[in-house]
Amino acid sequence: MSSTAVQEQPKAVPAPSKFAAIKESVGHFQHKLTTKDGWVGDYDYAWLCTPILPFMKQANRSPPFYALNDDLPLILAISSGLQHALAMLAGLITPPIIFASALSLDAETSSYMISASLIGCGIMSLVQMSRIHLFRGYYLGTGLITVVGTSFATLSTATAIFDAMYKDGTCSSITAADGTVTRLACPDAYGKVLGTSLICSFLEIFLSFCSPKALKRIFPPLVTGTVILMIGASLIGSSGIANWGGGSNDCMSRPTSGIFELCPTIFAPRPLLWGAPEFIGLGFLSFATIILTELFGSPFLKNISIIVGLVVGCIVAGAAGYIDDSTIKSAPAITFLWVHTFKIGVYAPAILPMLAVYVSLAMEAIGDITASAEVSRQPVIGDVFDSRIQGGILSDGIGGFVSALFTVTPLSVFAQNNGVIAITRCANRGAGRWCCAFLILFGVLGKLSGVFLAIPNSVLGGVTTFLFASVATSGLRVLAYVKFTRRARFVLAAALSFGLGNLLVPGIFTHLFEGVSSPNKGLQGLFDSITIILSTPFLSAGIVAAVLNLILPHEAPEPAEVEEVTTVDMESQDEKSP
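Taking this note's numbering, the leading residue of the sequence shown gets 1114, the next gets one more, and so forth.
Keep in mind the hints are simulated off the structure, nothing from the lab.
Even for Gly, the Cβ is constructed at its ideal location relative to N, Cα and C.
Careful: at least some of the hints might be erroneous.
As the list claims (entries may be wrong) - So the derived label-pair ranges between C-beta atoms look like this: (1) Arg-1249 with Val-1618: 49 to 55 Å; (2) Ser-1286 with Ser-1439: 21 to 27 Å; (3) Ala-1289 with Pro-1619: 19 to 25 Å.
As the list claims (entries may be wrong) - Simulated crosslink set (DSSO-like; lysine-lysine; CA at most 27 Å straight-line): (4) Lys-1560 with Lys-1456; (5) Lys-1634 with Lys-1280; (6) Lys-1596 with Lys-1329; (7) Lys-1442 with Lys-1280; (8) Lys-1560 with Lys-1326; (9) Lys-1149 with Lys-1136; (10) Lys-1456 with Lys-1280; (11) Lys-1634 with Lys-1456.
Kindly generate the complete structure, drawing on both the sequences and the hints.
Rendered as structure tokens:
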């Protein structure tokens, strides 16, 4: 055999053994725990914790940027994760507190609902951050620090659903001699909302397999911005300002007798009339604290200004005797999911409104994921970005299904944490996982839920008014990207006609079908569905905006725009000419 016939075969590179991989992981873990670099790194912690003092020159410096999968020092990962958890905490505890108040639930059940919300958000945020490959080009999750929380869209819609349940007798109430209506506890109403959201979640799961480009064409910023704006505005009116005055319950009408003669009830430690100066002052203290923290606080405190406002307000309210500690005493030390359960059911009139909610959640997810990718220095165009949109919407839909099993209303992508990423320059998923761990820990510590439940309404109102106004501002920011042609102005005006009109005169659609004589049960359910949709400002405005955006033809540039462009071109040519 000739030498040319024998060709030297390249030596195969042995694949790393499983033992070697384990050894490498152990070495990395040991480095993290035993070295200064593993614990501290080169992050500027002094910058993070230094307040902005008046009349003093501040050093113009910023910490290094930590990308999605960088190796993060332990102290930075833990502290940044805690910031993320605290930044979203007020937004997570507010919906269950409002749900419990609307349904007159006892303190023990209310405390559990807060804990379940925190635990559910921590678990589903882990899924959203994971970016799990399913098949072909489909994923579950975004792979970004995309945390989830109890949707404010659900909060606004559920309020209208609860009102319908008390009106049609699904939930019981007592009418006093002076006409004051007292709602009795109705945990089954919460179970019906959970069951309805569970079956409606399949709509968002279906939307996740549609083309992200098609979704963005159907729900452009003109539609999504209108929806987010109306969500924030409606929550300010129905919850934020109402609680600031002393309570969003029946004490708002200042009845002359009954348990709601004073706010929050006559059994509170220091009950007062709704709108009393003491309540307004407590709420304003919390509101002003948020502003002062933004002015003088360190970057760490600025990211948790909402929590700082709550803490300061609670300290003053506690010293003045406005806090009832019975909720803290009745709360268990340790709790978890399913300690309390609710009878799952389906409320037929809520199906159409809840389907609309899931469409709005998909719309919100597109905008929030785009903002998260942008602030994390990830591309916002291309196949990878489209797959993040698809994975995020799918995780949102599955989150709606799973959260109902967790006894939590639909969870959706939260935008609050983008500000934390922008200020701290830490977009690392390691910090995100620590955030999830803190959320689960906060939920497991049952006494903490009792503390949240003990927050006076006026303090909570001062803080949530700012929080809900931030949601409305996010809607305005989305609308700012819209080129306001005559067509866009027409669509927005038509949508706001329904949204703002319903917001300013809430009862206009309540009696729409009362003149219909003896409708059958199915027809009555349809009437109730339409009433709920029309009575929810963001749903009515969003539907009008989406429909008009699809059917109105796009127009040519206005003559003024053409003339302006021509003038600019002529001036530029004049400048170039000798």
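Okay, the hints, checked on the actual structure:
The hint said 49 to 55 Å for the Cβ distance between Arg-1249 and Val-1618, and at roughly 50 Å that hint holds. With their beta carbons about 24 Å apart, Ser-1286 and Ser-1439 fall inside the hinted range of 21 to 27 Å. At roughly 22 Å, the beta-carbon separation of Ala-1289 and Pro-1619 lies within the given 19 to 25 Å, and the hint holds. A threshold of 27 Å between alpha carbons decides the hint, and for Lys-1560 with Lys-1456 the separation of about 25 Å falls inside it, so the pair holds.
Using a Cα cut-off of 27 Å, the hinted pair Lys-1634 and Lys-1280 holds, with the two alpha carbons roughly 15 Å apart. Annotation: proposed proximity of Lys-1596 to Lys-1329 holds, straight-line Cα distance about 16 Å (limit 27 Å). Between the alpha carbons of Lys-1442 and Lys-1280 the distance comes to roughly 34 Å, so the proposed pair goes past 27 Å and is violated. Between the alpha carbons of Lys-1560 and Lys-1326 the distance comes to roughly 46 Å, so the proposed pair goes past 27 Å and is violated.
For a cut-off of 27 Å, the pair hint linking Lys-1149 to Lys-1136 stands: about 21 Å separates their Cα positions. Our distance criterion of 27 Å between C-alpha atoms is met by Lys-1456 and Lys-1280, whose separation comes to about 20 Å. Taken as a hint, the Lys-1634 and Lys-1456 pair is honoured in the structure, with Cα atoms around 22 Å apart against an allowance of 27 Å.
In this structure, the hints that do not hold are numbers 7 and 8, in rising order.
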